[in-house]
Amino acid sequence: MPSTMELVFVALRERFNIETPLTPETTLKDIGLDSLDQISFLFTLEEKSGVKIPDEDLDKYNLENLGQFADHIERLRGR
Amino acid sequence: MSASADRSEPGVSAIASYLPDCVVGNDEIAARFGFEREFLDGKIGIRQRHIARPDESVADMAVAAAERLFSQGHAERSEIGLLVLCTQNPDYRLPATADIVQDRLKLPTSVAAFDFNQGCSGYVYGLSIAKAMMAAHGIGCGLLITSEAYSKVMDAADRSTVPVFGDGASATLLRAAGPGRLGRFSFGSDGSGANELIVRAGGSRNPTTACHGPGALYMNGRSIFNFMMKRVPADVDACLAANGMSRAEIDLFVFHQASRYMLESLGREMRLEKERVPVMMAEFANTVSSTIPMTLEALGGMLALNGKKLLLSGFGVGLSWASTILRIEL
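For the record, the sequence lines run as chains D and R. The first sequence begins at 1 in this note's numbering and counts up by one. The second sequence begins at 80 in this note's numbering and counts up by one.
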């Protein structure tokens with residue numbers, strides 16, 4: 001079973017056809033995602049992880065880089 | 080709304096809207112921008128947007144919405160004493176589009192007609208302006224028109240704005256003692272966020288820049304989302320307090336229809352049940368100042384909403400926000 005971090009990488013690569021290397025420190029801005037893309041990325045992450053991620057969590061939890069997204073999914077799964 | 084509200088005050092009497100014939104559906108948006116259909120249908124909550132033809136202007140749409148209102152027999156043209164038109168894309172830099180619309184609608188030349196520039200808060204602002212002018216000057220019958228065509232200033236390749244915005248117009252008839260009783264209003268403005276939703280071209284700062292490329296509509300959606308989450312709940316509570324009401328007394332919170340995910344986030348933040356926050360923009364998209372009247376119409380109009388207490392709240396470009404209470408007593 002892939003780790004949550006791998007799941008985030010796969011979601012991003014599949015959704016936006018990204019070929020450049022991704023690390024936990026890579027931010028959505030680094031990849032050039034605009035605001036609607038960021039919501040679209042959350043939508044894909046929800047589908048892949050089966051975890052509902054409220055849109056307001058982007059700012060409530062200051063989600064910027066991919067490691068933070070993985071940690072947040074783990075946090076939501078733990079609830 | 081306080082029990083002392085004067086029943087002879089101007090109130091909403093009828094609402095009609097107009098959407099252009101040209102429709103851009105999600106198949107086209109998905110193919111053009113690579114979004115999933117499920118994302119556009121479910122998350123954004125928009126299935127289609129109506130786009131004005133190249134030769135169709137804000138005045139054309141305004142006239143079409145008002146003609147619909149007149150064709151329903153709600154008023155005679157000779158009765159109209161006020162025409163307030165809300166748009167950010169007037170037909171010309173001058174004269175005011177409202178004057179053109181007055182002539183096209185064959186309204187009396189005694190009518191007071193003018194434009195005002197507001198976006199998503201514009202309908203609530205317009206209700207306040209119309210109500211106040213009618214009361215101050217003894218005008219028995221007034222017309223508030225919202226008409227917007229963001230498609231004219233959008234970059235066709237912009238994936239942040241093209242999927243979200245649609246064109247259209249609404250016409251609202253206000254009458255002295257009209258059955259849609261308007262409460263007190265709350266307003267807010269924060270120009271420090273002006274750059275978050277802006278068209279830089281065409282005004283006095285950049286008069287000759289074209290409204291495409293760098294001059295096209297720019298929206299920082301995440302910033303607008305944060306603004307909404309911060310300002311709107313407080314404004315709603317300020318409006319309720321001004322009217323001596325609580326959230327529990329409101330049947331429906333009719334918010335500006337920005338997108339489904341924005342309204343659902345707002346509803347969650349304010350702990351409002353989903354059924355009290357209508358999400359109705361699927362067929363008309365974000366038509367800026369027209370989404371609130373279009374939602375009222377989509378909910379069945381004055382007849383279906385009879386007896387309801389509604390809170391209307393508009394927010395967006397400016398940044399600007401405004402709320403009021405609409406209580407319908409037919």
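Hints are computed from structural coordinates only; laboratory data are not their basis. Don't take every hint at face value.
[As the list claims (entries may be wrong)] Straight-line C-alpha distance at most 30 Å; calculated DSSO-like pairs for lysine-lysine:
#  : chain 1 : residue 1 : chain 2 : residue 2
1  : D       : Lys52     : R       : Lys353
2  : R       : Lys231    : D       : Lys52
3  : R       : Lys231    : D       : Lys29
4  : R       : Lys231    : D       : Lys60
5  : R       : Lys185    : D       : Lys60
6  : R       : Lys309    : D       : Lys29
7  : R       : Lys353    : R       : Lys309
8  : R       : Lys353    : D       : Lys48
9  : D       : Lys29     : D       : Lys60
10 : R       : Lys231    : R       : Lys185
11 : R       : Lys353    : R       : Lys387
12 : R       : Lys388    : R       : Lys309
13 : D       : Lys52     : D       : Lys29
14 : D       : Lys29     : D       : Lys48
15 : R       : Lys388    : R       : Lys353
16 : D       : Lys48     : D       : Lys60
17 : R       : Lys309    : R       : Lys185
Small disclaimer: the values here were computed from a predicted structure and weren't measured.
Status of the hints after comparison with the structure:
no. : hint                 : in the structure
1   : D:Lys52 to R:Lys353  : holds (17 Å)
2   : R:Lys231 to D:Lys52  : violated (37 Å)
3   : R:Lys231 to D:Lys29  : holds (28 Å)
4   : R:Lys231 to D:Lys60  : violated (35 Å)
5   : R:Lys185 to D:Lys60  : violated (53 Å)
6   : R:Lys309 to D:Lys29  : holds (23 Å)
7   : R:Lys353 to R:Lys309 : holds (20 Å)
8   : R:Lys353 to D:Lys48  : holds (26 Å)
9   : D:Lys29 to D:Lys60   : holds (17 Å)
10  : R:Lys231 to R:Lys185 : holds (27 Å)
11  : R:Lys353 to R:Lys387 : holds (17 Å)
12  : R:Lys388 to R:Lys309 : holds (24 Å)
13  : D:Lys52 to D:Lys29   : holds (23 Å)
14  : D:Lys29 to D:Lys48   : holds (21 Å)
15  : R:Lys388 to R:Lys353 : holds (16 Å)
16  : D:Lys48 to D:Lys60   : holds (22 Å)
17  : R:Lys309 to R:Lys185 : violated (44 Å)
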